[in-house]
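Visitor: Position chains B and C against the provided structure of chain A, taking the given hints into account.
Chains as they are written, first to last, in my numbering: chain A, 529 to 907; chain B, 642 to 976; chain C, 4 to 263.
Here are the in silico distance ranges between beta carbons for each label pair:
hint, chain 1, residue 1, chain 2, residue 2, range
1, A, 549, C, 163, 25 to 35 Å
2, C, 207, A, 857, 48 to 58 Å
3, B, 642, C, 67, 38 to 48 Å
4, B, 843, C, 54, 20 to 30 Å
5, A, 857, B, 909, 23 to 33 Å
6, A, 538, C, 181, 18 to 28 Å
7, B, 839, C, 29, 38 to 48 Å
Please keep in mind that the hints were generated in silico from the structure rather than gathered at the bench. Ideal placement from N, C-alpha and C gives every residue a C-beta, glycine not left out.
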Amino acid sequence: MDFTLTKQQELVRQMVREFTINEVEPIAADIDVTERFPIENIEKMAKNDMFGIPFATKYGGAGGDYVSYAICIEELSKACATTSVIVSASSSLCAGPIDAFGTEEQKMKYLVPLCKGEKLGAFGLTEPNAGTDASGQQTVAVLDGDHYVLNGSKIFITNGGVAETFVIAAMTDKSKGTRGISMFIVEKDFPGFSIGKVEEKMGIRASSTTELVFTDCIVPKENLLGKEGKGFSMAMQTLDSGRIGVASQALGIAEGALEEARKYMKERKQFGKPLSAFQGLQWMVAELDVKVECAQLLVYKAAASKDAGLPYGVAAARAKLFAAETAMEVTTKVVQIFGGYGYTKEYPVERMMRDAKITEIYEGTSQVQKMVIAANFLK
Amino acid sequence: MSIADYKGVWVFAEQRDGVLQKIALELLGEGSRIATKLGMELTAVLLGDKTDDMVKELVAYGADKVIVAESPLLNHFSTDGYAKVITELANERKPSIIFVGASYLGRDLGPRLSARLTTGLVADCTSLDIDPENSNLMMTRPAFGGNLMATIVCGDHRPQMATVRPGVFEKLDRDASRTCPVEKITVNLTEADIRTNTTEVIKVAQVLADIADANIIVSGGRGVGAKENFAVLETLAEVLGGVIGGSRAAVENGWVDKSLQVGQTGKTVRPNVYIACGISGQIQHLAGMSESDYIIAINKDASAPIMKVANLAIAGDYSKIIPEMVAKINELKAK
Amino acid sequence: MNIVVCLKQVPDTNEVKIDAKTGTLIREGVPSIINPDDKNALEEALRLKDTDGAHVTVVSMGPPQAEKALRESLAMGADEAILVSDRAFAGADTLATSNALVAAIKKLDYDVIFAGRQAIDGDTAQVGPEIAELLGIPQITYVEKVDIIAGGLKVQKAWEDGYETIEVKTPVLLTAIKELNEPRYMNIKNIFEMYANKEVKVWSADDIGANKELLGLKGSPTKVKKSMTKEAKGQAELVELPPKEAAQFVVSKLKENHFI
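Next comes chain A alone, as it looks inside the complex (with noise of 0.2 Å):
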């Protein structure tokens, strides 16, 4: 059994952290007070195939592999979980499924500009009334000749006001429940379609999260992802691969909080000793320290299971529901750690923790990774 990375993978992370040391890291807290999207850097990350990673060059993407872009994902957000997100969600979400379920038409169409970071992307399944319960799905696609016609709203979707290209999912036939759902690709310019509330949010604030409203949106019937029908179990699969971004989102602002803890606690002096002399703290971090390498190893394993082509959708749910927890309890105990000066603006910590709660939130609650997981283990 192999635990080291690849050559391959390894100048990614190389790569990965200097461009975040060097580009991410500066403006990440001035971004997170003032909700400015990281505009240049998106750009910046685009001419560098990072939106790309996984895909075929064929389709413009960087001809690597999942564990690379798991890695690039932990790396970003070691400095700044909006920025990762930016990415994850345009990748996995959106890039994902019309890679998986695409025709050659609509890769080339489609895929080659979120590849190559042209256009970002977003996924629509949330609802106001199909949050977890995602079966419940009341936007509606009606046939009409050459064209379906899209009515309903989704919300709380990542990119929303920021995406040029959307995977939608909506029900075309609800005789049938989550067999009538069937998934779209739909243009931003598209008559009928609108980018509605713009949320304002605990952590991950300068990105982009927004309510998406169909009035009779027009979509061409060449649009349709896959079969229909087949949209239900085509977001679930989505959302599998989903996971393991956000997972090593997770991943990384527990290494990021971890890392900013160890620094605090060699240079802090009370009752004239550095913090890292007491064994309380000591025990504290040295748990830390095995959960985020627990989370990693079952972040990469997800990620390694995809690239070898074995089922992964367990082992994704597994990181998910580990590393947003861990990420959780370690940026909690890290600002604990920092004491009044953690919970100020002082230091990135408070920042790191309000960004890691909507990790065990989205891309299906904890709650939702447990049931993925009882299902399997009882059947």
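Guide: Below, chains B and C without anything else, positioned relative to chain A:
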């Protein structure tokens, strides 16, 4: 040819467009000490045009002999021109040692010479001495990025070559009454020998874009007290060729601009010298400057945290100490 | 246009720490990086590749692990990478190093040779000019701008107090400083592509046909007699003197350490 046949200590007398450089005089100062130890003659080698005044200075500052190569083609530095003249001279006269200033010019010229003469060159020497056993020149310089010091010798090749940074050695006192032989050589140089064509030379005032690039930072904190008081720090920064910095307290009080803030929420700097005035040294500040090569802290409070981190901790009032420092430095510069 | 870039893998001397107890250098765990000035040299070559289709070959003399630095160069966009590596090169000073590199470069086509001004471990700034001398080509050091003109290059050379514009015919060697450009990051697609399609060629002393007398320790006119650590930082001398004496003391310390 044996090692013993090489005699004489040469100093490359660097001049820029007719202005003799201070490094040339400093090298004569140290060169004279080395030459005396070896019982050899100290020769200044000057390349340029209209050299009479410069020759006078070289004589007054300690040369035992001056060799002058005078030509309009040598007024402005060119690698090809200077290398040809000096190597031909060195091959003919066989000096034991050649010193070159480690200016941009010297660092361009030095290795070109040493490669053509197939000998060793040691760059940026901070101290020189003679090995009593074999009379080799012992050249000491920083190594491994400045984390170590190394003493290097060029035992089997001649001339032994060393470059030295400006300001490392002292020149001798000027003695206008000194005399020594001056030899003007014939210059075998044509335009075709010089393969680079200079189309313009522009002098530019150095503008610092980012405090993180500064080599010397004079920084003030809460203890400075008021915006006007930063003027004192500015005078020190100016005379040292450095810039001003400030702690978070100084910035928040409006005493310095935000772009000059050093610390956790400001910039991280690692200058050669960081002089902290009236800064207590909270870890947020230290996080921004603790990697500086040499830290000097001036603070009324001897127990302030920064005093333990500094290389040099002065308990006192910056407003009295700094003016004295400025006066002393100006005194040294005038010499 | 054919460009050869000379590059060195160095320990990141900015990250080196001193062992507090023994006062010695901690060399393990210091990351290896492409020498910063060499990265600027490589970046300029890549720019000329972008704008003028130049072919960029990177050459480095080093131990086997220097292969990583060459991989990084390929990932940044270089066309070919050659590692000149042999036990015979051990102990080389700058002249012996230059001789090895020159033997390798003579096997390549070149119009321009780019090198970094100096390496952050040796800090000598000697190899670039020595290579130029051994190849018999002109050199321009401290380059902060490069443009292609008919038959050659127009180069802006930095001086301490300004700059000089120089025109020169190729072949020529240029040494790059930080101000020349902002080096690009490795490109992720290049990372995967180069491991699939490219290899770092490794040349031994025999491959380059170098005269063994000119290499390694044997070919080094300069030899290290001894090395010692500098005084450890942070040994705070607390000084309590009246202002004039205190000022005197500080200034003398500044002078002693060659800061003024």
